[in-house]
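Make the full structure from the sequences, and use the hints.
Residue numbers (this note's numbering), protein chains in the order written: chain A, 500 to 1147; chain B, 528 to 715.
Derived from the structure by calculation, the hints contain no laboratory data. These numbers come from a predicted model, not from an experiment. Certain hints may be false.
Here are the simulated distance ranges between beta carbons [to be verified]: (1) A:1075 <-> B:704: 37 to 45 Å; (2) A:1016 <-> B:584: 44 to 52 Å; (3) B:705 <-> A:525: 37 to 45 Å; (4) B:542 <-> A:891: 50 to 58 Å; (5) A:941 <-> B:707: 20 to 28 Å; (6) A:839 <-> B:704: 48 to 56 Å; (7) B:584 <-> A:1038: 51 to 59 Å; (8) A:1100 <-> B:534: 57 to 65 Å.
A virtual CB, placed ideally from N, CA and C, is assigned to each residue, including glycine.
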Amino acid sequence: MTATLGTASLGLALALAVTGLLAPLLARRWAVSLGRAVLAGQVVLVTAASGLLINALVTGDFSLKYVAHNSSLSTPLYYRVTGLWAALEGSLLLWEWMLVGFAGLVAWQHRRRDAELMPWVLGVFSAVSTFFLIVLVWAGNPFERVWPVPPDGRGLNPLLEDADMFTHPPLLYAGFVALTIPYAFAIAALITGRLDAGWTTTTRKWTLSGWLFLTLGNLFGGWWSYHVLGWGGYWAWDPVENASFLPWLPATAFLHSIQIQERRGMLKVWNLSLVIVTFALTIFGTFLTRSGVLSSVHAFASGPVGALFLGFLALVLLGSFSLVVLRADRLRSQPELDSMVSRETTFVLTNVVLAAVTFTVLLGTIFPLVAEALSGVKLSVGAPYFSRVTVPLFLALLLLMAVGPLIAWRKASLDNLRRNFLWPASLAAAVVAVLAALGLRDSWPLLAFALAAFVVFTIVLDTWRAARARRTIAGQRLPAALATLLGRNQRRYGGFVVHLGVVLIVIGVTGSMNFSEERTATVAQGESIALGRFALRFEGLRTTEQPSHARVEARFRVTNDGHDLGLLSPALKYFPTQQSPLGRAVLRMGWKDDLYVILSGLSPLREGQATVKVMVRPLIGWIWIGGLVMVLGTLLALWPLRSGRAEA
Amino acid sequence: MAWRRLVLVFLVGVPLVAVLAYGFTRDPREIPSPLIGRPAPPFSIELMDGRPVSLADLRGKVVFLNFWASWCPPCRAEARDLEAAWRQHRGEDVVFLGVNIQDTETGARGFLREFDITYANGIDARNRIAIDYGVWGIPETFFIDRTGRITYKHVGALGTGTIHAKLAEAREGVASNREGKGDYRSVQ
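Here's what the structure looks like:
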């Protein structure tokens, strides 16, 4: 019953989506009405299908193959619900559900605005929705039956049994899907030829929303990797990680370069291209994760889904850029750059560097394929390539981040430069001197810390000056003056807060990349391991039976210069369905550093011994705090504090 | 003018898509052995009867080097074919050498008795040789020519047909382009 209803809903939704494709060809009034009607129908049908699948997962309807493979009677309710995105078919359904949901929201927001663009915006939504529904109906139907019906399901992949299962995947999907909306507006603007500023406001807001979701999704992914996968790292430049990072880069570039277009009418083709590339990279990312063409730690099934995604990617890339080229005559930018030393130039440079990062990450990701196609050589591109190539680029971005927001528009005078940068640069130099005096000699970390300090000091100086000016003009106290500033220019100060978040992340990454220590040791009860300022005394093993697995814990008493810091108990989890045990690392977080302990094995020869890997990773906690600050900054920029007034 | 730019879009876009499509024809998890065509890593091992043997002593002969364990089903599957091939080639300038890994001595001896294996075998108790040869799943078999160069590597169970053909190639010093795969494999 569920299978029939589910497949029928998806099939019907597909019919509506195809109808929606034709709607823009009608007269405008009819086009919008029809577009809205088919969209509303899709929202209802896809919501019904998703509800049916969630219900099947929760009630354990193992007559559905998807439920039988990703859930079981012993799966807790929480993970039965998250089973919706535990595998390919369900993820695609969630994606489509979000897509029609966001599209519905946009249609409602724009019910009285952008009348000329809307038929085509709705048309693009229909096209993307058609594609996903085709994939769902023909290549990855979550409502496929299984016969005979198994008495119990296989259960969730144990690695996915983590609280972050609720955040990381849906946030990434939300980011990917939200970035469809700028694309729809860009294509609509290209087709109608209405390339004036109209499409940019909506596009900017949705890009910022999608960017926020992607940022959060990647952060939660890093956090998951760090505390669950048990290798002590948070980012491995794995193809699938790159897939979620790649769209983030042109989206970031767009958020900056759109300011130049708004202010100076420049970079129109570039901005359109960034929107298209961002969307294409979301599809590319899904293609990578779902096609199995590259080897990755994220093992996903391959099949016809990959081929469909590739076809769609080709259509998006070639179709969209052909449109850009054919509209090139209307996209002439007005003024050219006035000076090499100006805010415009800094923003353009930021874009160039971000484009370079995008290109190098993309190249590194697909290089194994290119190499094999051209020379038959099998190779893999790992973290060393990505670190070596991207670190200088990221540091360049940090420098631009310090200069960009403060340097004058059009042409910066020597006086402007001195006024804005003399103090921050001197203070950053002082920070370097202090760090060097404390014994830090490596040039890359020194440079990273110096640039980070430079960014912070420019932001502090600028904000302080503005607040002081307000205090003088309006007679406000400093806190009130700051609050007024934030309210008056949310975008600017939201941006500053995001930049401060980035600085915190840079500090965390620099610390953990350069100053980590680790040790592996086999210990018997009562023996201790010392690393850095920590000492760990092994107090013995403890075995417990959990609902889905057996758990062996090794208990360590942690001390820091004699002070007791409590117990840390890394564990190995033995699942009956898995050949080898899964590790459960434990960590003690701190401002200075994290202590990370992994139980890597139990000795079969000498009972009661444990082999552990202990790591001290300095400053890593700053990454998560920085992420939080970035999110707050983005919300500050997006939140409608001043209702009823047009945004500056 | 626009058409010229359009051509550019396709010049960039089509090869990109083509490379990605090419990916469908490849298996990214299949990693060829870098050992084929290279000198075989030297080793010495104590045989089951206590005699020591080292690869250097076998220079001038074709060596058939097979890694196995008694608990591994594909090793059992190929055992009779290996022994049959050995009986056919013994007396020629060919040496068959089995290296037992990840196993117990009782298990290994039982296996040799069960299949009546008459070629030389030894136990690589600390996996030293297996690690040098990059053995990942068993069985894995290496064909080494008279000059001590690896000419072929096979992952998974072997049949007599492949053994004869690859021994002939090793005798001629012809190295294969890539490793072969049996359908039947076991992962350690």
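For each hint, the structure was consulted:
no.: 1; hint: A:1075 <-> B:704: 37 to 45 Å; in the structure: holds (42 Å)
no.: 2; hint: A:1016 <-> B:584: 44 to 52 Å; in the structure: holds (46 Å)
no.: 3; hint: B:705 <-> A:525: 37 to 45 Å; in the structure: violated (58 Å)
no.: 4; hint: B:542 <-> A:891: 50 to 58 Å; in the structure: violated (28 Å)
no.: 5; hint: A:941 <-> B:707: 20 to 28 Å; in the structure: violated (48 Å)
no.: 6; hint: A:839 <-> B:704: 48 to 56 Å; in the structure: holds (55 Å)
no.: 7; hint: B:584 <-> A:1038: 51 to 59 Å; in the structure: holds (52 Å)
no.: 8; hint: A:1100 <-> B:534: 57 to 65 Å; in the structure: holds (59 Å)
Figure legend: structure checked against the earlier numbered hints; hints not met, in rising order: 3, 4, 5.
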